[in-house]
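Visitor: The sequence shown: position 209 = 209 (the UniProt record's numbering), numbered continuously.
Derived from the structure by calculation, the hints contain no laboratory data.
Nothing here was measured: the structure is a model prediction, and the numbers come from that model.
Be aware that a few hints might be false.
[What the hints assert, rightly or not] Here are the simulated DSSO-like cross-link-like pairs (lysine-lysine), alpha carbons at most 27 Å apart as the crow flies:
# : residue 1 : residue 2
1 : LYS59     : LYS34
2 : LYS24     : LYS76
3 : LYS76     : LYS34
4 : LYS24     : LYS34
5 : LYS41     : LYS59
6 : LYS34     : LYS20
7 : LYS76     : LYS59
[Said to hold, decoys possible] Have a look at the derived ranges for each label pair, beta carbon to beta carbon:
#  : residue 1 : residue 2 : range
8  : ALA39     : ILE209    : 25 to 31 Å
9  : LYS6      : GLY156    : 44 to 50 Å
10 : SER213    : TYR183    : 28 to 34 Å
11 : ARG91     : SER145    : 42 to 48 Å
12 : GLN116    : PRO221    : 14 to 20 Å
Just so you know, even glycine gets a beta-carbon here, dropped at the ideal spot from N, CA and C.
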Amino acid sequence: MLRLDKYISNATDLSRVEVKRYVKYGDVTIDGEKATNAAQKITGDEVICIDGSAITLAKNRYFMLNKPAGVVSATKDNNNSTALDLIFEHRSDELQIAGRLDIDTTGLLLITDDGQWNHRLTSPRSECQKIYRVTLGIPITPDYSEKLANGVWLKGEKHPCLPATMEQIDDQTVLLSIAEGKYHQVKRMFAALGNHVESLHRTQVGGIILDESLEPGDYRPLTEAEVTSIMAPQS
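Please work from the sequences and hints to get the whole structure.
Guide: Pasting the structure below:
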């Protein structure tokens, strides 16, 4: 059960104070009858209208952003632009970042107001694969692939990383697939191998692939198939 004013506020851009004003002047109806109390409880199955126009509770929202460098994966920051500063949507304060990227890392960043979906995406138990294009400072040696597959030990960690897979693009570039999200993990993994990361770009999370048509800083809603790919059981 929801309060009428909260339901309407969640479904529109109206504040609860504005909703109360609409109710007071008889502009809100519930199943054809004028509402008289903004605090009354509703189930959400009723037909609720404002000035004769039916409203429905807003659905959860899901976006992909091509994050540029220099932008932090945070809702607020006093010193830097944030990913949410790039999202121009109603009720943007309700959005949250699903799986963060470092300030200098670019690429696929997912944003939603669905907390359960966010948890499924980011929970270690889901083992959701993330793919990064990694440019390294010095040439790759032949043992990298085996070491990554066996699980790299990171300084200060009690357990090795989960097995990772690597596809070599050229002498200093790889596509790396990992199923974790430890602090600065990719950079620390290659540091443990005696190398250093020059640039890092995330191209995929689970079944969601960064839309190549998105310029840095651009975003778009996820398709239904992209959203449900995260909800589906991981193989």
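Visitor: Going through the numbered hints above, which ones does this structure break? Give me the numbers in ascending order.
Guide: 2, 3, 8
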